[in-house]
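Chemist: Mapping of the sequence shown onto our numbering: residues 36 to 293, in sequence order.
Just so you know, the hints here were simulated from the structure itself, not pulled from any lab data. Do not take every clue at face value.
[Claimed, not checked] The calculated lysine-lysine pairs, modelled on DSSO-like cross-linking and capped at a C-alpha distance of 27 Å, are:
1. 154 with 212
2. 212 with 66
3. 66 with 125
4. 240 with 179
5. 66 with 239
6. 179 with 66
7. 125 with 212
8. 125 with 240
9. 179 with 239
Keep in mind that this is a model prediction, so the values were computed, not measured.
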Amino acid sequence: MFGNQDIRSGGSALYPTMLESPELRWSFIRKVYSIITIQLLLGIAVAFAIIFVHPIANFFFNSKLSHVLRIVLFIVPFIILCPLYWYHNKHPLNHFLLLIFTVAVPFPIGLIWALFSGKAILVSVISTTAVAFSLTLYTFWAAKRGHDFSILGRFLFEALLVLILFALILVQFPLDKLSHVIYGCLVAIIFYGHIFVDTDNLNKKFSNDEYILASVFLYQNIIPFYFCILLIFTHIFSSTKEKLVNGMGLSEKLHKKL
């Protein structure tokens, strides 16, 4: 799509008004996606360990302090984000904070995975990977032709705030399955847009030394997007299963009557 030479060597500008060296920008982009790949692979490995290694699962769900431990594991990544944003250019502290963040995030993922079916998890992983890959290709292609998507950032942030407030209100008013799917789709679209904008910013906004900050921005939007997809597929599969069960029950009743 970009030409093999451009991708390998950064032979031409990534967008029309680009002034810096394409080679430096491609090096920056490779660093960002290398970090994200490591984070995602580590997240999957730790999550599988929590689910399938029984001593680990027993420790997180059946030990005396399991409830407190789970709360701490969910809070720690958000606490680390603050100094990570503040010191993202301070070496080697930024690498140390990134390491802690990368290790801390997979544990909440594993704890959440334990609540869902393997089928929904697998389909959601495949779907998220396909969406992220295709979105990345399209964003780079669009930037090459001079399109600018930075204006979407403010709109997406405001839309996300509205949905968060809506979710807090709905805590008192439980939704049915269809409403869960619709709400999950709306949130997924917003994080889809954030991934879109952050990918566009890789080309234009971040400096070459801000690869840690860029990777964290992109990673923290991919994860909630994935969980929205997981929620959607979980309700779809559960509804399908209920229909099959009800259909089998109806068939048995008809068979008995006949």
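Chemist: Each hint: holds or not?
Modeler: Okay, the hints, checked on the actual structure:
1. 154 with 212: holds, 18 Å
2. 212 with 66: Given that 27 Å is the threshold and the Cα spacing comes to 41 Å, the pair is violated.
3. 66 with 125: holds, 17 Å
4. 240 with 179: holds, 15 Å
5. 66 with 239: Within the cut-off at roughly 16 Å; holds.
6. 179 with 66: Holds, at roughly 20 Å.
7. 125 with 212: Between residue 125 and residue 212 the Cα gap is close to 46 Å, so the pair fails against 27 Å, i.e. violated.
8. 125 with 240: holds, 19 Å
9. 179 with 239: Measuring from Cα to Cα gives roughly 11 Å; hence the hint holds.
Checked against the numbered hints given earlier, this structure breaks hints 2, 7; the rest are met.
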